[in-house]
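J.: Start from chain A and add chain B according to the hints.
Number of protein chains: 2
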Amino acid sequence: MVKRNPHVAKLKDSYLFETVEQRKQDFLAKHPQVTLINLGIGDFVHPLPKSVAAGLSAMAENLSTPSGFKGYGPKEGDKKLRCRIADVLYSQRVAPEEIQISDGILPSLGRLQVLLGANTIIAVQELSYPAYVDTAVVIGQSFDFDQNTQRYGRIVYMKGSAKSPFFPDFSDVPRIDVIYLCSPNNPTGIAATKEQLTELVAFARDRKVIIVYDAAYSSYIRDSEIPKSIYEIEGANDVAIELGSFSKMAGFTGVRLGWSVVPKTLRYDDGTPISSDWSNVYSRLFNGASNIAQAGGLAVLSSKGQEECRQLTDNYLKNARSLKDALSSMGHQCFGGIHCPYVWTHFPGCSSWEAFDNILENAHIVTIPGIGFGPSGEGFLRFSGFNDASKVEQAIENLSAFLT
Amino acid sequence: MVKRNPHVAKLKDSYLFETVEQRKQDFLAKHPQVTLINLGIGDFVHPLPKSVAAGLSAMAENLSTPSGFKGYGPKEGDKKLRCRIADVLYSQRVAPEEIQISDGILPSLGRLQVLLGANTIIAVQELSYPAYVDTAVVIGQSFDFDQNTQRYGRIVYMKGSAKSPFFPDFSDVPRIDVIYLCSPNNPTGIAATKEQLTELVAFARDRKVIIVYDAAYSSYIRDSEIPKSIYEIEGANDVAIELGSFSKMAGFTGVRLGWSVVPKTLRYDDGTPISSDWSNVYSRLFNGASNIAQAGGLAVLSSKGQEECRQLTDNYLKNARSLKDALSSMGHQCFGGIHCPYVWTHFPGCSSWEAFDNILENAHIVTIPGIGFGPSGEGFLRFSGFNDASKVEQAIENLSAFLT
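If you read the protein sequences in the order shown, they are chains A and B.
No gaps in the numbering here: position 388 of the first sequence is 388 in the numbering used here, and each next residue is one more.
No gaps in the numbering here: position 53 of the second sequence is 53 in the numbering used here, and each next residue is one more.
Pairs count within a copy or across copies, as identical chains cannot be separated in the list.
Pairs of lysine-lysine, PhoX-like flavour, derived with a Cα cap of 20 Å:
id, residue 1, residue 2
1, LYS50, LYS70
2, LYS163, LYS194
3, LYS75, LYS24
4, LYS50, LYS304
5, LYS318, LYS391
6, LYS75, LYS264
7, LYS264, LYS3
8, LYS70, LYS24
9, LYS80, LYS304
10, LYS3, LYS208
11, LYS70, LYS391
12, LYS80, LYS70
13, LYS264, LYS79
14, LYS208, LYS264
15, LYS391, LYS24
To be clear, the hints were calculated from the coordinates, so they are not data collected in a lab.
In this text the structure is predicted, and so the values were computed from the model without any measurement.
Same shape as in the complex, but just chain A (with noise of 0.2 Å):
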């Protein structure tokens, strides 16, 4: 008989996202009369722009058309939509040749994992995305979960320093070959600046280490201080994969649309450039995104659907200020919220689950248990912004009642 996966065995328990889920709607059940109001998982509640869903439809009605029928793509993506990216995203400071497109950052990554391998050893931000590492687990790359120190072995968790409670204090690394950082970073919903990316690149090319840039929310940035890519500091096509999404950017987490940066000067040990493995890896393992999902990038990447989506992302950036005023006022350390639509808050003394159940219980609000992200989120919830300016509201009046 065939013998389980040690690998996925090692798992802990089920997707973050998918436990919170399930504790909601074990609450509902218990109280089908309560409104809920959702600032846990971060996904968009408004409706695509019009010029977007008029990009999307038009592709799906030509596949009808005998002239405007297409099948098999190329499996890096459209190539007008790869220069594209290339140009709006990133001012030509990476080749078209250099972008692959994907159906988003999740699978992108669970791609790269196979490419890197098992032997890979990994560093991760103390406070991350669970799909770094769960995606690292499944690949054979950590050794068992311990549950004295709620970590896995051999992957290496990152702190930060007195000066920078949450971002990498690297002369505490020890010998790694790949880096994951997100920024803005999720959950904490802070931006590196551009000094510590600066430092993350030094570090890297010092360390011969490959840096994986989640740049997941990159287009909440308004602040022109503040890279939105790591290709902005120089050093970088040499160490860093990007990694970048229309999720968050224009509403896509349904309609799945992402794209990976593997700049050809990024090289193995033996010289091989990792943009050849790279490649053959994602001709194995992927047959594109839809091309219908492609035609819906490239009009959110016109100069109209960039204007809709930036409307869109501003009511979202409102309701994290809102929710950082809100939440500072009633006394709670604040963290994010700036240039991230996430707003991580300490609830001291009490553990994150018990935070997020007074949360539901009381205020009747979903939020994220910071415990999720990494053992040092413990006593944190993130709260996010992705709802209607009127819910945030509403959120604001419970949590006030319950909290001051």
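T.: Positioned in the frame of chain A, the structure of chain B alone reads:
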């Protein structure tokens, strides 16, 4: 510096269909005046049925309305679509809860390899779709490629018997964990009979082997005596995973939609249901198929959609029969082409790539060299019926001028 993943380095060459595309482009660069006829990669050429395009574009438009917008959907896919697949395609032989919606068979294979892991010993048909072996190699299930045998070490290549040269002779098969079988088969175009599949299931039950059954071409089976799904065989639910796709059923090669079936009764040797690990791996590696593609899938599975798709696929079957008749009358031994639009044709006395180049240069037809599907494909070409009837007629004229 980071070491190259040795498993990825084992891949012997680029993806078969990309190599063919490259040869085609090289030929066209030298002979720009020639119009080539594509009987190579199996891809739809006819536009989508209007009703299916309407389903796709209605969803795209809905996404721009407050009531119709949808963000993240369930990773396992839309419940209605899973119910329709269980109903329309499986006559309730599997439950909707056992079905996961995917973006196609190729990416499902990659996720399946992550599920099963590097320790798995796999067996493939001597001639098979290269993705089973290629995904097994990158995940680490194989030893190096042996230039003498033209095979990867540790992977078992199952030969046929004298009676059925293209169906595995199980009496020869050593200890394995997983067996990949595709029916109707790519590349030979032959559909396995009920008796053969009964033999397969009995073998798997007896030897405690998991079957991964690739049903990509099942919608081309018009004979009710031939199973369209492995679950038509009694006892298969305890031993078989099935992969299906809308690509060849409805022309979704660019839209991207498929599914997998992992029955609840399938277990590892320690009793763990494989479906529970699959669900864990699925949620770690995939964020769901595009919701627009899923809406299109529902339209395909309506009675109108099914009728229209049947008419479309009838064309390709008719083409395949014309090709088979013509090539046979030219003295070539042909297989398949009845329940699947591929005709597997013997060109004795020359290698597949020689035959490929000959037909490309002299008959101006792109085919797929049999060697790309396994060493015993040497001397064969795969002709595809996926084209316009007029192009296939022209191809037959060209072939007849050149081959007779």
